[in-house]
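My request is simple: use the sequences and hints to build the entire structure.
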Amino acid sequence: MTTIHVLVAEDDEDHRYLTVRALRQVTNVEIEIHEARDGEETLDYLYGRGPFAGRQLPHLVLLDLRMPRANGLEVLERVKGDPDLSSIPVVVVTSSDQREDVDRAYELGTNSYVTKTRGRDLRNNLSRVAQYWTVRSELPHVTN
Amino acid sequence: MEIIRTVVVAAFALLAVASARLWFQQRSRPAAWLASTFVVLAVGIGFSRLGAALGGDVGMVLGRVARVSIVAFPYLLFRFAASLAPPRRAVHAVAAAVIVPVLVASALVSAPPEGPTPGWYLAYVLAALTSWTLLSAWVVRTLWKAGRNQPSVARKRMRTLATAAAVINVALVTAGLSATMGDSEAFVGAVQGVALGSAVLFYLGFDPPVFVRSAWRRAEERSLWQAEGELIASTTRDEVVESMLPHISHLLGGGPAAFLDRTGHVHRYGRPSSALLGCLRDDATRYTEPTLVADSVLLDLNGGRLGVVTSSFTPLFGSDELEYTGWLGVLVDLALERVEYHDREREARQQAEQLAQELEALVYGLTHDLRNPIVAVLGYLDCLEEDYAGSFDSSGRHFLSRLRTNAQYMDRLIADLLSLSRLGRVPDDRQPVDLMVIAEQVADESWEGHPRAMIKVTERVPEVLMSPARARQLLTNLVSNALLHSGRPDVTVTIRPAPPTQDGHACISVADDGCGIPAAHRTKVFGMFERLEHGAKEDGNGTGIGLAMCQRIVAQAGGRIWVADSDVGTDMRVQLPTAAPPAHGGTETDS
Chain A
1 MTTIHVLVAE DDEDHRYLTV RALRQVTNVE IEIHEARDGE ETLDYLYGRG PFAGRQLPHL
61 VLLDLRMPRA NGLEVLERVK GDPDLSSIPV VVVTSSDQRE DVDRAYELGT NSYVTKTRGR
121 DLRNNLSRVA QYWTVRSELP HVTN
Chain B
1 MEIIRTVVVA AFALLAVASA RLWFQQRSRP AAWLASTFVV LAVGIGFSRL GAALGGDVGM
61 VLGRVARVSI VAFPYLLFRF AASLAPPRRA VHAVAAAVIV PVLVASALVS APPEGPTPGW
121 YLAYVLAALT SWTLLSAWVV RTLWKAGRNQ PSVARKRMRT LATAAAVINV ALVTAGLSAT
181 MGDSEAFVGA VQGVALGSAV LFYLGFDPPV FVRSAWRRAE ERSLWQAEGE LIASTTRDEV
241 VESMLPHISH LLGGGPAAFL DRTGHVHRYG RPSSALLGCL RDDATRYTEP TLVADSVLLD
301 LNGGRLGVVT SSFTPLFGSD ELEYTGWLGV LVDLALERVE YHDREREARQ QAEQLAQELE
361 ALVYGLTHDL RNPIVAVLGY LDCLEEDYAG SFDSSGRHFL SRLRTNAQYM DRLIADLLSL
421 SRLGRVPDDR QPVDLMVIAE QVADESWEGH PRAMIKVTER VPEVLMSPAR ARQLLTNLVS
481 NALLHSGRPD VTVTIRPAPP TQDGHACISV ADDGCGIPAA HRTKVFGMFE RLEHGAKEDG
541 NGTGIGLAMC QRIVAQAGGR IWVADSDVGT DMRVQLPTAA PPAHGGTETD S
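Note that the protein sequences, when read in sequence, are chains A and B.
Read in this note's numbering, the first sequence has 104 at position 104, and its numbers run on one by one without any break.
Read in this note's numbering, the second sequence has 155 at position 155, and its numbers run on one by one without any break.
In short, the hints are calculated from the structure, not lab data.
Check the hints yourself; a few may be wrong.
Said to hold, decoys possible - Sample of chain B residues at the chain A side, in silico, Cβ under 10 Å:
#1 Y364
#2 N372
#3 P373
#4 I374
#5 V375
#6 A376
#7 G379
#8 D382
#9 C383
#10 D416
#11 L418
#12 P468
#13 A469
Claimed, not checked - One-sided excerpt, in silico: chain A residues whose CB lies under 10 Å from chain B:
#14 D14
#15 Y17
#16 L18
#17 T19
#18 R21
#19 A22
#20 L65
#21 R66
#22 S95
#23 Q98
#24 R99
#25 E100
#26 D101
#27 R128
#28 Q131
#29 L139
Heads up, the beta-carbon is just placed ideally off N, CA and C, and yes, glycines get one too.
See below:
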């Protein structure tokens, strides 16, 4: 079974826990989860800097929008603007359902935009996201 | 002939009175010389007639006085022109050298006896005529040239005076020559006519009638209309002042001008002298009308003080222009007031926009920070249910359920409050909107949460004028309200046209076959946080904000919303102005 590497970029430790928990509930695929606690750490991981030297590039990034040091939109712009990283699917997972956030995220190239409280069922919502992007869709091959 | 002579005498007497009145009004040196000139001429002409009539010794004395007066006239006219445009000292010396001997001779000489004219008399006459001609020529040239840079009325007045001076010189010279060579009645009559013509021209130069001034002022009036237009278009204090200064300067002779505004800033046109700038800052005296002070005109406006350097001709020839300056000053004040009002309005609008932006950022941040913990609470509740469901007894499970209900309600409340707050802060981009098209979209989206409900959208209504985003919010709230509060999961919601109660409006009905709203509560339902049922926090119930939001949206679009009478269920009516104008006027009728 192929191992799928997923980077969870989320500053809120509770949300990060819940997202990781939802990912671990996905069956039929082996997922290795990596966590970043703010925007700078997310970029350090993606570029293999500092403590993340030698990291495995993720097959999927779940990205929160409001993070300290560099917010999700800044990270999204950097990733989608870099030819070495732009093929990695990025799913914005956020509690914001504001029109301007949705529009801006798609302008910058997000592959999907998921509101955490949609349907008022966070667990199912995150599970559906995880299922779709790891089991049903075909993630690109990424090389370091 | 006698009649013509009498008319000439009367005309120059009137000129003398007019010039004397001018001096009484102005008390200036040019006015004094002008009055002297025409009083002396009138005396000369009058005494000449009187002396001829009386004869004898008295007549002789009067005749000498008359000769001296008439000979002095061109010199006095020279002094008048010199007071306006001072010549070099040498010119004064030459003029004096020319006139003094002739004056002395005029006082000593008596009329020659009958017979051939003696040579000495001819010499005297020639000297007098030469002095008249030289002095008059200088006056004509000076007045004509000096008018070149003056406003129209002043220029034409000065040139009229110059022409009059030339004409009267012709009359005097011709009269002098005819006296020595013998004259015919016809010739004398022609000379008198020319003199009378010069009197008319002098009077036109002194005090032209209103219709003549209007005709002369056409160019200035066009310029003043242009100035008015520039004033209306001005949007800042600087534009108002800097568009007016050139016009006012030109009106008063083209000299430098300056305006000291209330902030202490000096706006300049040309290079105003330090004397003028000093006058602007001297607040010991207030000038409520255009006032001549030294070589400047000063005028106090509400917005500041105006100062313009004038020419030496302005006091005598610029009365109209001073009046216009006062009138322009009123327009400047009005324009400055308007600009000040716009500045305040612009500042207030900028502050409001800044506040709105800050509020938007605050609400956005607050909403996100309020909702995040609720998301975490709901998520951990899911974890508790998944991992520890078997450990809870019925009370524990009930507590978990209530925790979830309250957290979800808080989440809905925050979302609705955010939507409500955005109503006042998003642009109201009104455009033609097809309500039924949006209703169909809303129906498709709403069905998912209510699989047993039926939502029907019937025929079209005329397009209404409102923001598409707000139309969507309105219909979403109305449909959601019908689905949530009908009291039955298999409710049928019908969206159809309804008869409008007002011309120029379109009306729709969002009706359900649910439990309905009692008549006593049909206006209360639009109040904030108003609910008509218990268990507001239960999932599937509203927060009490939805219909309040609908009312606000409809009111901002210029329409109204109400609960209509219905035998079954609830019938919400929404009436909004149509995008097309009404075909004819009408009055509002009650439904």
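Each hint, compared with the structure:
Below 10 Å, beta-carbon pairs count as interface contacts, and Y364/B has one with chain A at about 7 Å; its hint therefore holds. With a least beta-carbon distance of about 6 Å to chain A, the hint placing N372/B at the interface is held under the 10 Å criterion. This hint holds: P373/B has a C-beta 8 Å from the nearest C-beta of chain A, less than the 10 Å allowed. The interface hint given for I374/B holds, since its Cβ lies 8 Å from the closest Cβ of chain A, which is under the 10 Å cut-off.
Here the hint on V375/B is kept, as its CB sits about 5 Å from the closest CB of chain A, short of 10 Å. The interface hint given for A376/B holds, since its Cβ lies 4 Å from the closest Cβ of chain A, which is under the 10 Å cut-off. Because the beta carbon of G379/B sits about 4 Å from the nearest beta carbon in chain A, less than 10 Å, this interface hint is met. Taken as an interface hint, D382/B checks out: its beta carbon lies about 4 Å from the nearest beta carbon of chain A, inside 10 Å.
Because the smallest distance between the Cβ of C383/B and any Cβ of chain A comes to about 7 Å, under 10 Å, the interface hint for this residue holds. Interface restraint check: D416/B against chain A, minimum CB-CB distance 12 Å, threshold 10 Å, status violated. Interface hint at L418/B: satisfied, since its Cβ lies 8 Å from the closest Cβ of chain A, which is below the 10 Å cut-off. With 10 Å as the threshold, the beta carbon of P468/B stays out of range of chain A, its nearest partner Cβ sitting at about 12 Å, so the hint is violated.
Among the interface hints, the one on A469/B holds; its C-beta lies about 8 Å from the nearest C-beta in chain A, closer than the 10 Å criterion. The interface hint given for D14/A is met, as the beta carbon of that residue sits about 4 Å from the closest beta carbon of chain B, less than 10 Å. Because the closest C-beta pair between Y17/A and chain B is about 8 Å apart, less than 10 Å, the hint holds. With 10 Å as the threshold, the beta carbon of L18/A comes within range of chain B, its nearest partner Cβ sitting at about 4 Å, so the hint holds.
Given hint, T19/A at the interface with chain B, holds; its Cβ is 9 Å from that chain's nearest Cβ, closer than 10 Å. Annotation: interface hint on R21/A holds; nearest CB of chain B at approximately 7 Å, less than 10 Å. Taking 10 Å as the C-beta cut-off, the interface hint given for A22/A holds, the closest approach to chain B being about 9 Å. With a cut of 10 Å, the hint placing L65/A at the interface with chain B holds, because the nearest CB-to-CB distance is about 8 Å.
A least Cβ separation of about 6 Å between R66/A and chain B falls short of the 10 Å threshold, and the interface hint therefore holds. Evaluation of the S95/A hint against chain B yields a held restraint, the C-beta minimum of about 5 Å falling below 10 Å. Because the closest C-beta pair between Q98/A and chain B is about 7 Å apart, less than 10 Å, the hint holds. Residue-level restraint check for R99/A holds (minimum Cβ-Cβ distance to chain B is 8 Å; threshold 10 Å).
For the restraint placing E100/A at the interface with chain B, the shortest Cβ-Cβ distance is roughly 9 Å, inside the 10 Å limit, so the hint holds. The restraint placing D101/A at the interface with chain B holds, with a minimum CB-CB distance near 9 Å, inside the 10 Å limit. Taking 10 Å as the C-beta contact cut-off toward chain B, the hint placing R128/A at the interface is violated, the least distance being around 14 Å. Taking 10 Å as the C-beta contact cut-off toward chain B, the hint placing Q131/A at the interface is violated, the least distance being around 16 Å.
With 10 Å as the threshold, the beta carbon of L139/A stays out of range of chain B, its nearest partner Cβ sitting at about 25 Å, so the hint is violated.
Checked against the numbered hints given earlier, the structure breaks hints 10, 12, 27, 28 and 29 and satisfies all the rest.
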